[in-house]
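Given the coordinates of chain A, assemble chains B and C onto it according to the supplied hints.
Residue numbers (the numbering used here), protein chains in the order written: chain A, 1 to 285; chain B, 1 to 334; chain C, 1 to 303.
Worth flagging that the hints you see were computed from the coordinates, not collected in a lab.
Each residue gets a CB set at the ideal place from its N, CA and C atoms; glycine is no exception.
Incorrect hints may have been included.
[Claimed, not checked] Label pairs and their computed distance ranges (CB to CB):
no., chain 1, residue 1, chain 2, residue 2, range
1, C, Val131, B, Asp33, 32 to 38 angstroms
2, A, Asp67, C, Glu22, 42 to 48 angstroms
3, C, Glu22, B, Phe128, 27 to 33 angstroms
4, C, Thr190, B, Phe128, 44 to 50 angstroms
5, C, Val87, B, Asn94, 37 to 43 angstroms
6, C, Gly129, B, Ile21, 18 to 24 angstroms
7, B, Phe128, A, Lys137, 48 to 54 angstroms
8, C, Ile45, B, Leu324, 46 to 52 angstroms
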Amino acid sequence: MSKLLEIKNLSVGFDTSSGMFMAVQGIDLSVEAREVLAIVGESGSGKSVAMLAVMGLLPKSATVTADSMTFDGHDMLTMTSKRRREIIGRDVAMIFQEPMASLNPCFTVGFQLEEVLRVHMKLDKKARRARAIELFKQVGIPTPEERLNSYPHQMSGGQCQRVMIAIAIACNPKLLIADEPTTALDVTIQKQILDLLVRLQAEHGMGLIMITHDMGVVAETADRVIVQYKGTKMEEADVLTLFEAPKSPYTRALLSALPENATGDRLSTVADFMKNEAANAGAVS
Amino acid sequence: MFRFIMGRVAVMALTFVGVSIIAFSFIRMLPGDPVALLSGERVMSPERHAVISHDLGFDQPIIVQYFDYLWGILHGDFGTSIVTKQPVVDQFFNLFPATLELSVCAILFAVLLGIPAGVFAAIKRGSFLDQSIMGTALIGFSMPIFWWGLLLIMLVSNTLHWTPVSGRISLMFFFPPVTGFMLIDSLLSGQSGAFKSAFSHLILPTIVLGTIPLAVIARQTRSAMLEVLSEDYVRTARAKGLSPLRVIGIHALRNAMIPVITTIGLQVGVMLAGAILTETIFSWPGIGKWLVDSVSRRDYAVIQGALLIIAATIMLVNLAVDLLYGLINPRIRH
Amino acid sequence: MAQTNIQSGTSTDASLRRQLAEFWYYFSENRGAVLGLAVFILLIIIAIFAPWIAPHGPADQYRDAVLLPPIFQEGGRAGYLLGTDAVGRDILSRLIYGARYSLFIGIVVTCIALVGGIFLGVIAGYFRGWVDTVIMRLMDVILAFPSLLLALVLVAIIGPGLTGAMISIALVYQPHFVRLTRAAVMAEKTRDYVVAAKVAGAGPLRLMFKTILPNCMAPLIVQATLSFSNAILDAAALGFLGYGAQPPASEWGTMLADAREFIASGQWWVVTLPGLAILITVLAINLVGDGLRDALDPKLKRS
Numbered sequence: 001m002s003k004l005l006e007i008k009n010l011s012v013g014f015d016t017s018s019g020m021f022m023a024v025q026g027i028d029l030s031v032e033a034r035e036v037l038a039i040v041g042e043s044g045s046g047k048s049v050a051m052l053a054v055m056g057l058l059p060k061s062a063t064v065t066a067d068s069m070t071f072d073g074h075d076m077l078t079m080t081s082k083r084r085r086e087i088i089g090r091d092v093a094m095i096f097q098e099p100m101a102s103l104n105p106c107f108t109v110g111f112q113l114e115e116v117l118r119v120h121m122k123l124d125k126k127a128r129r130a131r132a133i134e135l136f137k138q139v140g141i142p143t144p145e146e147r148l149n150s151y152p153h154q155m156s157g158g159q160c161q162r163v164m165i166a167i168a169i170a171c172n173p174k175l176l177i178a179d180e181p182t183t184a185l186d187v188t189i190q191k192q193i194l195d196l197l198v199r200l201q202a203e204h205g206m207g208l209i210m211i212t213h214d215m216g217v218v219a220e221t222a223d224r225v226i227v228q229y230k231g232t233k234m235e236e237a238d239v240l241t242l243f244e245a246p247k248s249p250y251t252r253a254l255l256s257a258l259p260e261n262a263t264g265d266r267l268s269t270v271a272d273f274m275k276n277e278a279a280n281a282g283a284v285s
Numbered sequence: 001m002f003r004f005i006m007g008r009v010a011v012m013a014l015t016f017v018g019v020s021i022i023a024f025s026f027i028r029m030l031p032g033d034p035v036a037l038l039s040g041e042r043v044m045s046p047e048r049h050a051v052i053s054h055d056l057g058f059d060q061p062i063i064v065q066y067f068d069y070l071w072g073i074l075h076g077d078f079g080t081s082i083v084t085k086q087p088v089v090d091q092f093f094n095l096f097p098a099t100l101e102l103s104v105c106a107i108l109f110a111v112l113l114g115i116p117a118g119v120f121a122a123i124k125r126g127s128f129l130d131q132s133i134m135g136t137a138l139i140g141f142s143m144p145i146f147w148w149g150l151l152l153i154m155l156v157s158n159t160l161h162w163t164p165v166s167g168r169i170s171l172m173f174f175f176p177p178v179t180g181f182m183l184i185d186s187l188l189s190g191q192s193g194a195f196k197s198a199f200s201h202l203i204l205p206t207i208v209l210g211t212i213p214l215a216v217i218a219r220q221t222r223s224a225m226l227e228v229l230s231e232d233y234v235r236t237a238r239a240k241g242l243s244p245l246r247v248i249g250i251h252a253l254r255n256a257m258i259p260v261i262t263t264i265g266l267q268v269g270v271m272l273a274g275a276i277l278t279e280t281i282f283s284w285p286g287i288g289k290w291l292v293d294s295v296s297r298r299d300y301a302v303i304q305g306a307l308l309i310i311a312a313t314i315m316l317v318n319l320a321v322d323l324l325y326g327l328i329n330p331r332i333r334h
Numbered sequence: 001m002a003q004t005n006i007q008s009g010t011s012t013d014a015s016l017r018r019q020l021a022e023f024w025y026y027f028s029e030n031r032g033a034v035l036g037l038a039v040f041i042l043l044i045i046i047a048i049f050a051p052w053i054a055p056h057g058p059a060d061q062y063r064d065a066v067l068l069p070p071i072f073q074e075g076g077r078a079g080y081l082l083g084t085d086a087v088g089r090d091i092l093s094r095l096i097y098g099a100r101y102s103l104f105i106g107i108v109v110t111c112i113a114l115v116g117g118i119f120l121g122v123i124a125g126y127f128r129g130w131v132d133t134v135i136m137r138l139m140d141v142i143l144a145f146p147s148l149l150l151a152l153v154l155v156a157i158i159g160p161g162l163t164g165a166m167i168s169i170a171l172v173y174q175p176h177f178v179r180l181t182r183a184a185v186m187a188e189k190t191r192d193y194v195v196a197a198k199v200a201g202a203g204p205l206r207l208m209f210k211t212i213l214p215n216c217m218a219p220l221i222v223q224a225t226l227s228f229s230n231a232i233l234d235a236a237a238l239g240f241l242g243y244g245a246q247p248p249a250s251e252w253g254t255m256l257a258d259a260r261e262f263i264a265s266g267q268w269w270v271v272t273l274p275g276l277a278i279l280i281t282v283l284a285i286n287l288v289g290d291g292l293r294d295a296l297d298p299k300l301k302r303s
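So that you can see chain A by itself, here it is in the shape it has in the complex (with noise of 0.2 angstroms):
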């Protein structure tokens, strides 16, 4: 299989004004076509950013650099942000973690999702409008023509995903990044979004990078993993590798945190265990 996303030492910092903070390290990552790969670390780890950097997404204040960064053949480096324009939303598309703040609150959610078929597609307002049906009905969004013309505000925060999700997938993607897409959703919600990203990923044979904190997420849906830790990668494995034999202390200490793998009356966290970790180090040296 062709690496569909690959980046070499990905390094993003942000000026700030206590000097230059280093949000990531030194990533190196990778993605194949019709592969599920899971991001995962506590919040502040530099997740959500590197796959900001691959979207051009980043504020002016973020210095981006790495030795390469390509996707499907072209060089997201040295691209044109004209050229950029037109390969994101529509060959790489991102969904994210608030979607209520996501949509934009002043246009129908309608509006929104043919805005991308129009600017990428060049589809005329009858093929659009079309599509648009088709897409919300492929969400699961029941009664698409009337939904089109609701406002986010007048949708649930689930409903609200399953919009960004059909935005997302409108030009049917190569690569769908979905940042934390189940965090600010109740926990049946979770379930069916998480449900209907593998399912989508499968029809359409995308390559899907799945950024979570939720070790219950990557067990559901990942190919492959990577553990982010302080905007470094602490350990790349298969999903039933990183399972059964979790080599980088960090991530057992994410294992470890799980509800379901407590033991006595206390839940451990991961700093509990990083701590351990670094006394048992100490001891050695």
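Structure of chains B and C alone, referenced to chain A:
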């Protein structure tokens, strides 16, 4: 949405009653005899006084007087000028087009310059452009416009001779008012050069009256835009591969306009206050000059009536702004 | 809703000092605000020491020096740095004394509007119900008029002059303070520290003014600076129209009213300088106001 409007209208009606009480009490709070003040007759015999007093309803109990007054207002009777003996309403509607024309030009000037300036400042936040725009806006915001007007007359009219000093159109042109708006009437008159004359008379007053609204709108647009640009949905729009023009001009601007619309609405009151000064400086025959003249002529009937009409006008404009706000902001439509 | 970082109503001196230090840190980052503050302090000094600084009395007329241009223009005389007006009064001296009027007007108007507004706003926000309705509808009525129009009418009642101008301007500004205070009080009223003080037996007066009010100050301070500069502008406008301070007072707006006849005759200094004085003063205060707003608004604070 319907309940929203009805609520607004109810509050407005209540406010209008309050305003009418103020206008009603105003004449009675003045030092001196209200009968003399309203009739304009300073010296009169007791018999004459009794007659006028009866005509004006002053021999009734105060409550009855108020309801008579309110009844009159609801039937369009806002009193009669002491000086010209004309009904206040007639005078108002004769002069209002001049003020409206000037105000509309000024608000267009402010909006058309202020919104782009604010947007550019926000996009180029922290740059030299941003600092220049915001610095200029703060100066405009701090401007004593009566001085600004004098300065412009001194420079542009008297020194450079680019624009006329005062009035709405050159005295060379004379045609009967059709719409009351000089720009339109001058075109309708068909006289060559009339439109140009009317237009050049409008330039300086427009700038003077539009300066503070321009500064306020630019500042408000910038801060609203900065807030909106950090929103998630702007990131979504960019993630869709939309052009910067679309992201900023459609997705961000539409949301940023919500607070700006409110600001523009609030400028209407500012403009009417500004019209008092601007029209005085440029001898512009509108509501503002009429008020100042009435105060100096002690034409209390006019002041009383104008107070009420102007407050009602401002309230109507505010209602219109609220409706516009509801249209542009879907979240209001519950 | 803006709010200060005070966690309890009874803040100690140390935390107050820390807050002030933090405030100054943010304020001093804004160069414009610091410049504005410097100009403002300079103006206060000028106003206080006007009799010692000004070369001439504000009303002294020099018959041999009528309409002299400033010193840097041909025909200017050393004794009259910024020239003289139509009756031979030294413009620089009049401007220096004029600072007294403007600052005095600003202070008086802001104090009246602030005190009245806070009082009504706290009562409206604390008691709600019909008290609130009556107060707020009254404020709506005042807000239905443009400020200068209402001031003009009030002056017509009270009679032209500084006192009337100041009272009417203060009255017109009051609703803004009432609204701000009321909103802040309503937001703070249900917070835990207020409930705690209530449980501890604090009376309504203490709750209103000692517990809640100090935590609503930030937006009020910003509004107060805005009122200060607007009061100067409005008072000058009234003076310009002939209904503010009366001649021969050296109030800047009144000076401009006298100068109107000279816009066509080339004596630019008579027209330009008083207005420039107003602009600089108002600009300085607005710069400070912007700095205050940024420094006091936690939403804009960045690390």
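Hint-by-hint comparison with the structure:
1. Val131/C <-> Asp33/B: 32 to 38 angstroms: holds, 37 angstroms
2. Asp67/A <-> Glu22/C: 42 to 48 angstroms: Because 43 angstroms falls inside the window, the suggested range holds.
3. Glu22/C <-> Phe128/B: 27 to 33 angstroms: holds, 30 angstroms
4. Thr190/C <-> Phe128/B: 44 to 50 angstroms: Holds, since Thr190/C and Phe128/B (Cβ atoms, about 46 angstroms apart) stay within the stated range.
5. Val87/C <-> Asn94/B: 37 to 43 angstroms: Since the Cβ atoms of Val87/C and Asn94/B sit about 40 angstroms apart, the hinted range of 37 to 43 angstroms holds.
6. Gly129/C <-> Ile21/B: 18 to 24 angstroms: Since the Cβ atoms of Gly129/C and Ile21/B sit about 22 angstroms apart, the hinted range of 18 to 24 angstroms holds.
7. Phe128/B <-> Lys137/A: 48 to 54 angstroms: Given a distance of about 52 angstroms, which is inside 48 to 54 angstroms, the answer is holds.
8. Ile45/C <-> Leu324/B: 46 to 52 angstroms: holds, 48 angstroms
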